[in-house]
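Q: Take these sequences, add in the hints, and give me the full structure.
The lines below spell out each chain.
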Amino acid sequence: MNNRINNKMNSEGKLLSIYFTAGYPALNDTAKIIQDLEKNGVDMIEIGLPFSDPLADGPTIQASSTAALKNGMTTEILFEQLKNIRNSVSIPLIIMGYFNPMLQYGVEAFCEKCEEIGIDGLIIPDLPVDVYHEEYQKTFEKYGLINVFLITPQTSEERIRFIDKVSKGFIYMVSSASVTGSGKGFGHMQTDYFKRISDMQLSNPQIVGFGIKDTETYQQATKTAKGAIIGSAFINHLTESGTDSVSDFIAKIH
Amino acid sequence: MTYHANKKGYYGEFGGAYIPEMLYPNCEELRQNYIRIMEEPSFKEEFDQLLKDYVGRPTPLYFAKRLSEKYGTKIYLKREDLCHTGAHKVNNTIGQILMAQRLGKNRIIAETGAGQHGVATATVCALMGIECIVYMGEIDIARQAPNVARMKMLGAEVRPALSGSRTLKDATNEAIRDWINNPVDTHYIIGSVVGPHPYPDMVARFQSVISKEIKWQLQEREGRENPDYVVACVGGGSNAAGAYYHYLDNPNVGIIAVEAAGKGVNSGESAATSALGKVGIIHGSKTLLMQTTDGQITEPYSISAGLDYPGVGPMHAHLFKSGRGEFISITDDEAMIAGLEMAQLEGIIPAIETSHAFAIFNHRKFKADDVVVVNLSGRGDKDLDTYIDYFKL
Ligand SMILES: Cc1ncc(COP(=O)(O)O)c(C=O)c1O
Chain A
1 MNNRINNKMN SEGKLLSIYF TAGYPALNDT AKIIQDLEKN GVDMIEIGLP FSDPLADGPT
61 IQASSTAALK NGMTTEILFE QLKNIRNSVS IPLIIMGYFN PMLQYGVEAF CEKCEEIGID
121 GLIIPDLPVD VYHEEYQKTF EKYGLINVFL ITPQTSEERI RFIDKVSKGF IYMVSSASVT
181 GSGKGFGHMQ TDYFKRISDM QLSNPQIVGF GIKDTETYQQ ATKTAKGAII GSAFINHLTE
241 SGTDSVSDFI AKIH
Chain B
1 MTYHANKKGY YGEFGGAYIP EMLYPNCEEL RQNYIRIMEE PSFKEEFDQL LKDYVGRPTP
61 LYFAKRLSEK YGTKIYLKRE DLCHTGAHKV NNTIGQILMA QRLGKNRIIA ETGAGQHGVA
121 TATVCALMGI ECIVYMGEID IARQAPNVAR MKMLGAEVRP ALSGSRTLKD ATNEAIRDWI
181 NNPVDTHYII GSVVGPHPYP DMVARFQSVI SKEIKWQLQE REGRENPDYV VACVGGGSNA
241 AGAYYHYLDN PNVGIIAVEA AGKGVNSGES AATSALGKVG IIHGSKTLLM QTTDGQITEP
301 YSISAGLDYP GVGPMHAHLF KSGRGEFISI TDDEAMIAGL EMAQLEGIIP AIETSHAFAI
361 FNHRKFKADD VVVVNLSGRG DKDLDTYIDY FKL
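Protein chains in written order, with full-length UniProt numbering: chain A, 1 to 254; chain B, 1 to 393.
Simulated from the structure, these hints should not be mistaken for laboratory data. Worth double-checking, as some hints may not be accurate.
[Said to hold, decoys possible] Output of the computed footprint for chain B on chain A, the stretches with three or more beta carbons under 8 angstroms from beta carbons of chain B:
no. : region
1   : 60-73
2   : 94-106
3   : 118-127
4   : 169-178
Ideal Cβ positions, reconstructed from N, Cα and C, are used throughout, including at glycine.
A: Rendered as structure tokens:
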């Protein structure tokens, strides 16, 4: 399999990936935010499909999801907003969302639509790797989609090896045992963990997420990992400064 | 054919563990150990002893003479209302606190809606001297003040769930998030047969003491272990799971599940999950749940806070889908009237959850020689305000 994600992973340098919740702050901000992120040199984007009950998320992303749903965001509308996105954007695009909305849309229909639009991958925190491997991998791959799995400091070596085997793009390395947005900076715990994973010589590159919020945490994370994902800090920026100052935020990280 | 969970925690197509990787170590530790621990003689001994001396088990199986006469059938009541703390919930929390101790956990979290499970959890934490944090939706905290006070008096910290709709499902989300943030020292005592594997099976096993007792008690009274029907109300489904447990695979025993229709199944204000739900994932379990066509989980409504859950345990989803169980929805009004009738015919004021189960007799005929066991899951003290309001007492 070779898609935009693989090409990006094989490129030189460290990667900055940004997560935002589709439909937030306003319902129709989705395409503009994606375009601005690419213009400002972001390497990859995770488009959050909002869910009513986001178990793995902290207050910031929860609140943005609740607001996006109030704004009227649905799976159908998101696909409509992204319909022509490949006319203007060429970096990898990943949809990140919980499994239930995908189940209701129909897993195969969802994948088919993603391929049609030019989505490169999916991150589904509550679809465990074992279930994916047994029931859904064939479908995802039929539509050229890369599914991305999470590991945490608590994930056993054996399980990391299994996740590495099933993964075809990168491994999402959760920085600490926490939900999103609980970043207090990185200490020894994290740097030891980053190094431990790096020393495992996995076949997939690792991108660190959860708790990345500024230049310092970005640099700590990318010392060993291929890249880092910023979510809550970017959402907070959108909440405080609106959608016209995406460049300010990215400039502060890079 | 079995209606119990398989090794992976599936009941037919329902169940499993649809959890974020962050929860995997916690659930896996539990999954690998729960059956082994439950089967240890020292665990059994301590569990049985506490159920006897602390909870007050066995609870009576009482022949409801006047109710039976009125409805022309033989009605027995399994008196879970006489358990310490006033409902069946404590059977599970006793089991889980012993489990937590054996897993070396020193911090307990729980979710609660009406506060019954929160109180039962705070109670066992006080009993064992273990730190206890109960998540409760901000809206529920406001409408269930006496149970909030009980939990506080028992030494628990009640933390408001401020996210989403600020009720039971959100309190459950918050408890799960807490568990993600505290993966090593904390055990999550979930309050019903819901959540990821192994919770539905583990909670059902702890509650199975209900049907274990019914068997010998009915043998004593009727010379037979098996009733014709077992009836229970279903919120998440734990009292029902306990009442059905030893009869699940016996086709001669009819299983009747009563859900809350709220203001009517089609009123838009209902909690009748089997009637309104579709297959999906809630709190880590594949089951039936109330949701929008877009897969967003919707807020249920029932006059009884304990039946106000948008999903149902995977065991019950399977009982429904397979046809093994008969599912009936009862409105607020029908339940309230049945509760009043119960008080006046038998001198027992039931929890409003349980009142739903009693409304079955106005819905469905039983034969004169049928033996019908109704699980009297809890007492009505906690619901007096609602009864007072409703009947202008
Ligand atoms: C008395 C009583 N019955 C029933 C229930 C519903 O829960 P479950 O379906 O898990 O038994 C509750 C929940 O609070 C309760 O307090």
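Q: For each hint, tell me whether it holds in the structure or not.
A: Hints versus structure:
no., hint, in the structure
1, 60-73, "holds (count 4)"
2, 94-106, "holds (count 8)"
3, 118-127, "holds (count 3)"
4, 169-178, "holds (count 3)"
Violated hints: none; the structure is consistent with every hint.
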